[in-house]
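Those letters in the sequence shown? Residues 2 to 106, per this note's numbering, in order.
Honestly, the hints are just simulated from the structure, not real lab data.
Quick reminder that beta carbons are idealized off the backbone N, C-alpha and C, glycines included.
Hints are supplied without guarantee of correctness; some may be wrong.
What the hints assert, rightly or not - Derived pair list, reagent style DSS-like, types lysine-lysine, alpha-carbon separation capped at 27 Å: (1) K90 - K56; (2) K23 - K91; (3) K71 - K51; (4) K26 - K65; (5) K40 - K56; (6) K93 - K23; (7) K65 - K90; (8) K71 - K26; (9) K71 - K90; (10) K91 - K65; (11) K26 - K91; (12) K82 - K71; (13) K65 - K93; (14) K71 - K23; (15) K23 - K51; (16) K82 - K23; (17) K23 - K90; (18) K93 - K71; (19) K91 - K71.
What the hints assert, rightly or not - Label-pair distances were calculated between CB atoms; the ranges are: (20) D19 - K93: 32 to 42 Å; (21) E54 - G99: 23 to 33 Å; (22) D19 - S80: 12 to 22 Å.
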Amino acid sequence: RTTLVPKKFKLPAECGSDTPYKALKNVGYCESNNELEFKTLITPAECWNKCQERKYNYAEWLDKICYCQKNCPCMDDISNKGRTTLVPKKFKLPAECGSDTPYKA
């Protein structure tokens with residue numbers, strides 16, 4: 002079976018056996034003063050890919066809206082359930098904003 006795709010087609014990261022990110026549920030989001038928002042994406046994998054295209058290393062998927070963060074000094078809004086936070090695979094979550102204690106996912 003042959004599947005034809007456009008030349009610039011990017012396979013969603015979650016389809017690969019070794020995704021470049023980890024998806025964490027209900028851990029808050031990376032507080033950042035540099036953020037982008039996309040409302041037309043359909044999956045967390047598309048969100049991750051869009052953020053990576055723009056050179057943003059952290060992503061948040063909440064209510065079918067993608068938010069890309071440039072940096073991740075601390076985790077905020079931890080009590081809001083239903084969020085998927087996408088971070089580089091080897092990234093260790095920082096402390097909750099306003100706390101010195103590292104966050105444990």
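Query raised in the report: Failing hints, ascending?
Result: Of the numbered hints, 20, 22 do not hold.
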